[in-house]
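Visitor: Here the protein sequences line up with chains A and B, keeping their order. FYI, the numbering for the first sequence is 1 to 429, going by this note's numbering. FYI, the numbering for the second sequence is 1 to 142, going by this note's numbering.
No lab work stands behind these hints: they were computed from the structure. If you're wondering where the values come from, they're calculated on a predicted model, not measured in any experiment. Certain hints may be false.
Said to hold, decoys possible - Derived pair list, reagent style SDA-like, types lysine to any residue, alpha-carbon separation capped at 20 angstroms: (1) B/K72 / A/E360; (2) B/K7 / A/D357; (3) A/K345 / A/K105; (4) B/K142 / A/P353; (5) A/K288 / B/F95.
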Amino acid sequence: MSEKKELLYHSVRLETDFCKGCTTCMRYCPTQAIRVQNGKAKIIREKCIDCGECVRRCPYRAKKVLSDSFDALESYKHNVALVAPAFCGQFSKAVNIDVILTGLKHIGFDDVFEVARGAEVITEKTKEILASKNHDGPLISSACPAVVRLVAVRFPSLSENIIPLTSPMEVAAQMARKEAMEKTGLSDEEIGIFFISPCPAKVTAVKQPLALEKSAVSGVIAVKDVYMRLAHALQGVKEVEKLSVAGKDGIRWARSGGETEALGISNYIAVDGIHNVIKMLEELEDDKLNNIEFIEALACNSGCTGGPLNVENEFVANSRIRNLSENLVGKPIDYDGISLFWDKKVDYEPYSPLDPDINEAMRKMQLMEEIYNRLPQLDCGSCGSPNCREFAEDIVRGKAQERDCIFRLREKIEMLAKEITELSKMIDE
Amino acid sequence: MAENTVKLHYNVDPDDFTVAGEASGAVKKVLKQLGFSPDVIRRVAVAMYECEINMVIHAQGGHIDVEITPEKIRMIHTDQGPGIKDIDKAMQEGFSTADEKVRELGFGAGMGHPNMKRYTDDLKITTEIGKGTVVDMTVLVK
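The shape of chain A in the complex, shown without the other chains (with noise of 0.2 angstroms):
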């Protein structure tokens, strides 16, 4: 188990010369997963989700997110983007979603897809499975693979009801190589399919997925790093060519509720936002969603138009994304020998208990208790732990000293001084 943990990738990283230790990313991330020690923050990997969180909050852009560069493309004789619904969004200037499948080939791409489309084969996988109705309480959509982590990390007794079906990006992937084979007659591997990226968890799913053998898509490439390209080469687009196919039920997945407008359900949740998701789950452990057929989770606010990654302010690029998307009627799709469902279940992976041993953990839970009640309960983070119970459990699991607390130290040194005083005394005498 520690040997699969070790292995664990992830496309969040701390770019440490920007980092002053500041404390913020450690008090916004949603799981716990940082740390500041010796003036830098530290990303524990066994509870980082890669929801980018703290990509966003860092006030000194010391979060970075691992994805490909544009060089990548060099690699294949045929590349292909795979466009997100919320990558239309994000451009003021286009009146239409081929303006920005046009400007796409402009700037490198042989050809696009939309993983729209491979959200409309999911859109109606997903009825099936509700309306086969062998499942017991509220299913939970896979499509956001931050969540599905969280599940898999902090979640145990709710990975039975997520939906075992693929993202969206993967379906869209296989669809779309499949059919830049056949229209070129390349081989598999002459072939790059490139995911334009909204968010690190996307990044993160491609390079190790949680619930594939691998993945289909053969890139990811960051939202902003294809933008300031594509906005320029939109000026250039002279001949608009047909290439949007997805209707409106795939597209409006770019934003929170929208893969649930699809389904065409009343009983349902959408929730957005990590730290909503984390309490609407807790809900759901607790078996207080019983009526509720569908939970629709996104780790991001407004949905996958919020990443981090994005440039647009998500309340703007969801508004055009309605605009855009209003009138659009999605075409049959032919999915015959696509895989539409998850390879492996997703296993439960706890940050590691206490202590493997019972008795030991059951030990440690006392002393931690003990260091708890004598802490300030301030929560102030100076310590480098987010608040002052993780720091009590840090202590336990020899991963902080109590004097790092600068309120216990300052107790000590005042302890101290008392009793210098009080020998000096004694010398005077």
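Use these hints to put chain B onto chain A, whose structure you have.
Guide: Chain B in isolation, oriented as in the chain A frame:
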């Protein structure tokens, strides 16, 4: 063995639905840190939450003592509320004495006691009209 028991104590405030569930949430976290299985954690969390919410609705709050050992988790909920008139009825699914105000909030579906029974291995209810109720539940670690 006393040294192998983690003891936790929580006070449940009366009439405050916004904080109901805090104790069960905290216990859930502790059990995860101790490495209990997902099944055990879920059963404790659900049973405890149901009991906690009952204390808020019917009994003007109270307190909860939790004892965790490697073999079992025991939760003792004590209140000085009105007591339960008919325990057999309270155990029936759908039976509730919650008033309209509470039901409007989505509570009082009559699943509290049935759920407590369903998720625990041992359930003892001691109640005295006008004095209060003690709900003593145990989940065994199998």
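Visitor: Please go over all the hints and tell whether each is borne out by the structure.
Guide: Checked hints:
1. About 16 angstroms separates the Cα atoms of B/K72 and A/E360, which keeps this hinted pair within 20 angstroms; it holds.
2. The hinted pair formed by B/K7 and A/D357 meets the criterion: a straight-line CA distance of about 18 angstroms does not exceed 20 angstroms.
3. Only pairs whose Cα atoms come within 20 angstroms are accepted, and A/K345 paired with A/K105 is rejected, the gap being roughly 37 angstroms.
4. With a C-alpha separation of about 18 angstroms, the suggested pairing of B/K142 with A/P353 holds against the 20 angstroms cut-off.
5. For a cut-off of 20 angstroms, the pair hint linking A/K288 to B/F95 stands: about 18 angstroms separates their Cα positions.
In the structure shown, a violation is registered for the earlier hint numbered 3 alone.
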